[in-house]
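*Asks:* Letter by letter, the chains look like this.
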Amino acid sequence: MAKIDYHNLPVSYKTSVQKVDMGLWEKIYYPEVIRGLLLTTGHFVRNMIVHTAHVFGMMKDKRGAVTYQYPEERRPIHRRYRGRHRLMKKDDGTERCTACMLCETVCPTNCIYIVPEEHPDPTVEKHPASYEIDILRCCFCGYCVEVCPCDAIRMDTQDVEIAGWDRTKMVYNKEMLMANITGPGAPPEDDPAQWWLK
Amino acid sequence: MLETAIILAKIWGVLLTLVTLAAIMTWVERKQSAVMQDRLGANRADVFGLRIIGLFQPMADGIKMFFKEDFVPPKGDKFLHTLAPIVAFFPAVVIFAVVPFGDVLRIGTLEIPLQVARLNIGYLFILAFGGLTIYGTVLAGWSSNNKYSLLGGLRAAAQMISYEVCVGLSLVGLIMVFGTLQLDLMVKQQGELIFGFLPAWGIFYQPLGFLLFFPAVIAETKRVPFDLPEGESEIIGYYTEYSGLRFGLFYFAEFIEIIVMSALFSTLFFGGYQVPYLYADGFVFPWGGSWNLPHLVVVLLQLGSFFIKIAFFCWLQVLIRWTLPRFRYDQLMRLCWTGILPLAVLNILITGGILLLIKG
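Chains as they are written, first to last, in our numbering: chain A, 1 to 198; chain B, 199 to 558.
The shape of chain B in the complex, shown without the other chains:
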């Protein structure tokens, strides 16, 4: 009974945090792009004259989405047209279930792992549900009964399937190093030190792996510079026939994906919730000296570190989105199949060779 309650509490906590963060991300995206471009950005939405630097804008956007006309093309498939945004939204949220956002929280004798689902297939689960988002795009394109939307959906599917291969292969090296697919075990191993001073983060084991994984994931989530499926006004995208809250769901799923992918980057390559030199009972510095901390402070530090890493990667993704121009479709495919993929295979070979040398 207590266990079920704890799991439900974790699910709701993670879900609410994700949705709130995604709403804030829409504001961050607007404001950050504005500041980068020497503008001010959305600052007009107010409640009784109170503006607080445009923080009401997500609310105004939500209300607008609710009251817009929700149009289904007359000859489109109404059921699938409704299903598609849900199919696009669901995997983005579910992926976060296997991401550990903290170590074990101990209250008395109770041990609560700060992770919604401790799956031993962790990374495969992410790949599987990442693959499901393709259904969302294809269904959206097809059920709209619009040939351009259909083409857009197929284009999106081709891009995502191609980059899924890259996402999978570029991480094989990391999995070989850690010897596990389970994300919380990966993070635990990243709490150790290399050469006695360097945190054993994935980026130090697999720098090439990260350089390949990062663009592949951005392409998988259809962000600039690989946002051809969503180039609404330039190339017709798959959700052209969507309006109102259905479009809002697609839009929202994208922002949740940004956060989830940021969480993935930090979990896989930047030590997840680990703070350098912080262990279960406080800091132990490699240059000698230690600082004991109570358990609750350690857990809060871990949560804070995870949050800061997520925030940094969200910032970085928005920065990239507002800096780079879009790839052409052939360039996109060439980058995937002749750029990232061979290098990922090479990375696997090198990693295997080095592991063979070290561990025999």
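Just chain A, with the same shape it has in the complex:
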């Protein structure tokens, strides 16, 4: 076994608080304090120049702040991010789901409730009469998406703003899950399942 010299580890390996021996230069505080103040003043002056230039419509390629102004400006979400679920549709607009109950079975938090029903078309076996997801219980593990044999449920809506005033409103029914998604969280057009293969 290799011996590790714990006293001479590179700085990045040390996790505990290090005692730094201060010389006279550090002990009189002022030089180091001024050095720190110059650093922050640098940021202040640079950002103030950029902000002032923005007012006059100059230096638009530079940003005065590194933050996102959230409701107006959104951080791009990765396409494989597991957001709110949606139910996929067939070409005729009805749900792809065949009510095989695999997602309800695999769901670790038991948040999916399916009531199966005979499909009106005699060539199709079953379809869900109701398909509900209690989004408050969901842990966004994505097992339902993995287990689905007909790619009927996906979590690619990129919808992260799941909030409501009422618990009862947080149980999403079939119509809500099949609704067309518009706005900033709309899913990409191409098949995200194939995306990583490219």
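It should be emphasised that the hints constitute simulated quantities derived from the structure, not laboratory data.
Keep in mind that the hints are not guaranteed to be accurate.
Unchecked claim - Partial list, derived from the structure: chain A residues whose beta carbon lies under 8 Å from chain B:
no., residue
1, G36
2, L37
3, F44
Unchecked claim - According to the in silico footprint, chain B covers these stretches of chain A (three or more CB under 8 Å from chain B):
no., segment
4, 47-55
5, 70-78
Note that the coordinates shown come from a computational prediction; the quantities given were computed from them, not determined experimentally.
All C-beta atoms in this analysis are idealised placements derived from N, C-alpha and C, irrespective of residue type, glycine included.
For this one, chain A is given, so just place chain B on it according to the hints.
*Replies:* Here is chain B on its own, set in the frame of chain A:
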């Protein structure tokens, strides 16, 4: 009658200016810290969709403070609990009374000194009322009936009492140089020149004095890096049990203190309202040449110069507050008793020696 009216007008003018500036300071603190940290800061408060870079934020804060629950701990002392923020707020405002914000304003035969109270004990008055703020912290801690608040209050009291010694001693040198405690006389002397070209500001007489006075005052006003009494979330501070407008008053007092201390720094060390080379009837430059100005312009220039100096020191204090990490309590006390205090005494000795050599 006229004199009373003038004094009342000055009091109200100074008070309103201070309170307005303090409200703006809350906005400055938010915005400046944001810009320093590459953020944008509070910009959401709007009136009918008008945002004007978050300038409505102080108003929104005030309204929020008004409508928050004002809670007194059930077993706390209700009277003292109410009194404490007032005791903390009052001295911060009163100190400004002795600070001259301009020279004499002449209207016809009327001479109005631009200073609320021309006290010959000026600096002692500041020390005395600075000492009163300790009561605010201790009362707040004690009347809350919360042991952590009490400890916080005592910690704050120990810190402020210790640093009060430093604040007092670090300025003795300056008082020896100017030979007066009266602030307007100090500022008058700073209007002269050293070696014919350098403005006779206190910083040039007492550089060490300023370097000692500055941190001592910041510690006295409980600002970062000496903000242990106010470390709300990390160490429980003395106003933990305060909410609503009572907390708001503490908060507001802190911002008024920033402005008043900035005024003190500029008055004592940076020539107060003096503009270099500006005399009662205009500029007289040391390299020859002069520029006569009417009286009113001179007064306005002085007011403007004082305001700019205050603004600079407010900016500097906010900059320090958002740059430096906090001192540990033992480091804080060591800095005071083994750092600033001996150096302040040394400063007095050196100043005395030099004065003895020069003036005999």
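*Asks:* Each hint needs a verdict: does it hold in this structure or not?
*Replies:* Each hint tested on the structure:
no., hint, result
1, G36, "holds, 5 Å"
2, L37, "holds, 5 Å"
3, F44, "holds, 5 Å"
4, 47-55, "holds (count 3)"
5, 70-78, "violated (count 0)"
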